[in-house]
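Participant: Using the hints, position chain B against chain A.
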Amino acid sequence: MVEKIENIQVRNTQVRDVPEDVVIDVRDLRKVYAGNVEAVKGINFYVREGEFFGFLGPNGAGKSTTIKILITLLARTSGVAKILGHDVNEESTLVRRLIGYAAQEASPDDDLTGRENLNIQGNLYHIDKGILKGRIEELIMLMDLQDAADRRVGTYSGGMRKRLDLASALIHRPRILFLDEPTTGLDPQNRAGLWKYLERLNKQEGLTIFLTTHYMEEADKLCERLAIIDGGQIIAEGSPTELKARLGGDIITLSFKDNGTSPEAQAKRVQEVLQNHAFVRSTAVSEEKTLTVVVENGSEAIPLVMRLIDHEGLAVAGLNLTSPSLDDVFLKYTGTRIRQDDPVAYTAGGSRGPWARRRR
Amino acid sequence: MAHVAVAEPLAPIESNPVVDFCRDTATLYRRAILKTFRVPAQLYFSLVQPLIWFLLFGQLFSRLTSGFGAGATHGGVNPVTAQFGTDSYQAFFLPAIIIQVLLFGAANSALGIISDDQSGYLNKLRVSPINRLAILIGNLLADLTRMLLQVVVLLVVGFVFGVRFAHLELIPLVFVIAALFGLTMGGLGLFVGLATRNTQATFLIINFFTLPLLFTSTAQLPEAFLPDWLQAVSHYNPVTYAINSLRAIVTGLNAKQISDGQTVTSVIVTGIVVLFVLMVLALGTATLRFRKQVQ
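Keeping their order, the protein sequence lines are chains A and B.
Here the first sequence is numbered in our numbering, starting from 20 and rising by one per residue.
Here the second sequence is numbered in our numbering, starting from 2 and rising by one per residue.
Next up, chain B with everything else stripped away, as it sits in the complex:
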């Protein structure tokens, strides 16, 4: 048969693995970001419920933190307020809302990958020469971007509703803590998503753990107000560390922390170290699972 001159393929044959990895990650990051912002409704709605909770709880428990208006006792501060570390429940609760948003964001990372798997897009990626890990990292970074934007919104709303930050100069650390926590939960969510490959199962599993995680931490109440056994449990809960670190910045320390000899620095550093280790574990687990499935 007549031989038509075939043009040369366009994909370069020679390559630098590191450059390629960065480039591939950037491509998939860009794709994920484009998709996120094309459907802004999802972005807004994921914030609405937490914001409503923030306002409602803040109002609901406002008398609690002010010690029911009872007078100051020794130390010049009402003991209840002292345990909260602040007289505003709104300020006390803001970190919990941030954590809650990040927790729910974990499901989103999983959904993205399940959706790509089911549609066949994941196969399209696997047939291309891109670095497999870039698929994971690109999506995670996009999720992280989304999460950090949500944190910004929450901080602004908090400020607008009267929250005055105890350590304004440490605000950048809020993002560090949020990022570590978000990546940890994102990694776990991804693992669940990869293991189940099913949207509904993923949702069920993540929701199953979310509420208990919040209630066995210092999200709603200071540690001193928890029964002894819950106090013990809360020490093994990553949410506790994340929230305590954030609270140290937003409201400062509470009475129990002070009497335990902690400082703002020690609380934050502990939180960051714990979260960092957990993040490495979570991402490592997700990566191994991903490799097994995608390689």
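Just chain A, with the same shape it has in the complex:
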């Protein structure tokens, strides 16, 4: 039997009981921009105290819009958005005292020193002078900026600027830290370094972190729980392990050569052949015209698969066996993959993938 995906509409309008230690509470959030552009189409999720929570999705999915609403930079159209019990639009000043934000591009003042930047930032939050002094030192040590603290920020490296920006976001010891695509544009070394700091902040300081990203590796590594968002809707939600487990097993990927029949036609043929067998949990034809087959045990399934398609006259170009990744989760629910650095490959509107067609 082919596994049915739960109806996306139903999932998004569920009313759920919200645990007591919820710090971010979002229900049926909608944002419509001028010109009737609906960027966020009614999303629901919550984040608990101390969690490391992520929003994973391609560009244009609605991640930036959602985070901007939560950090009080954008007014929502409708729905509930509460931070620590306070409405983000009605009680925005109060919310601002409790949250920290680091944007994708770090924006410290290049003409000032690191310390001066932190000092000004602390004054924006009305922190008492005596306390501020100590807090600045604390953060400089935490972010390993001791040597550079009195140098002009213009002389800092990219990674140092990011760390200073992070320190700025934390100057007032917020309850929640919001990060918008924190490692986009960083080289792998700086990315790994930043992950280390974020994990430290979350585990040692108990800081609740909400981040948006289109890097599934980042979501997988850092996030305790995440919501996959596409086309303004939350497609799936859970811990990385849970999400991957929902895929139901290992993934066999078959690719085909054109032998008179197109690879896509061949893929579809194999899909037909396999889908009614018990050991096959689900199948999907991807954009690259490969066939993805989810089975419980990959190594046992391969010989079965090959035997079943043997006499179909197909030209199998390759076969790949993997354990599920978040990219596969994304593929399952939206019919496309999250392309890390290729914005052209992103599609908006998750329900137009091949899964949706099959469901109907």
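Quick caveat, the hints were computed from the structure, so don't treat them as lab data.
For glycine and all other residues, C-beta sits at the position ideal for the given N, C-alpha and C.
Watch out, some of these pointers could steer you wrong.
[What the hints assert, rightly or not] Partner residues aside, some chain B positions facing chain A, computed with beta carbon under 8 Å: (1) 10; (2) 14; (3) 21; (4) 39; (5) 126; (6) 127; (7) 128; (8) 257.
Facilitator: Frame of chain A; chain B shown alone:
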């Protein structure tokens, strides 16, 4: 998962809006001042060109104001000199240079905010609990400080190059007039900057208006020497009022003003009132635009 004890946030929850506003303005003022003086080159270079003009024009037209050395006629004063109100073009021109520096300073206010907008710093400010208006006022006050410092330099240079002030006791009013004019132009510059959000567009627009503003005023020549239509236009030009007020202090009145029945007091008061009204309008417009964008 293990629950780590979370420390309390440091930003105080209770607050007094007035105290907060002053404090926020002070913070952003301090930031703007620090940035201005960290890059002193900009400060110096913004003065160099006006100073060169001051010296060159002063020399170029020096014979003009002395009436070409022609003898005195009725009243004991050469008529040309009488219309200038002084026999030194340098003294006549000093107020114009001051105004010119202030006019160009208007672009600077705009640039500051555009730069913050583009870098993302403005968003950082908006996410913090500060009073939004403090962003505007803090920056404006810093610009004003810079402008007044430039006026001091110009006055000193003027004095060094032989300008003798007709009404030395009214020098403090020079700063009042400069401040009103500077804030008016700063407000307009800010509005342009906020509306275009683009450095080049802002520069183009401001420069487009600056030269005509100077030439349709009494900056270069006394009113009597302007063709009738330009005289009429100059009455609607804020630059005229600013310059005439400054000149009343630096050189005293000219023949036309005297024959029109004006006094030093009336010229200065008119100038201050006109500039004050314009300043309120300019700042109001900029504030409304700012609120729309930043709220």
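Participant: Under 8 Å is the threshold here; is the Cβ of residue 128 (chain B) close enough to any Cβ of chain A for the hint to stand?
Facilitator: holds (5 Å)
Participant: With a cut-off of 8 Å, does the beta carbon of residue 257 (chain B) approach a beta carbon of chain A closely enough for the hint to hold?
Facilitator: Hint on residue 257 (chain B): violated, closest Cβ of chain A at ~48 Å, above 8 Å.
Participant: May I ask you to test the interface hint for residue 14 (chain B) with respect to chain A, counting a Cβ-Cβ separation under 8 Å as satisfied?
Facilitator: Cβ of residue 14 (chain B) sits 6 Å from chain A, so the hint holds.
Participant: Tell me if residue 21 (chain B) is really an interface residue toward chain A, meaning its C-beta lies closer than 8 Å to one of theirs.
Facilitator: Status holds, d = 7 Å.
Participant: Quick one, is the residue 126 (chain B) hint okay against chain A at 8 Å, beta carbons?
Facilitator: holds (7 Å)
Participant: Can you verify the interface hint for residue 10 (chain B): is its Cβ closer than 8 Å to any Cβ in chain A?
Facilitator: The hint holds - residue 10 (chain B) has a Cβ within 8 Å of chain A, the shortest such distance being about 5 Å.
Participant: Under 8 Å, Cβ to Cβ, is where residue 127 (chain B) needs to be relative to chain A, so tell me if that hint holds or is violated.
Facilitator: Nearest chain A Cβ about 6 Å off; hint holds.
Participant: Holds or violated: the hint that residue 39 (chain B) contacts chain A, with Cβ atoms closer than 8 Å.
Facilitator: The hint holds - residue 39 (chain B) has a Cβ within 8 Å of chain A, the shortest such distance being about 4 Å.
The structure shown violates just one earlier hint, number 8.
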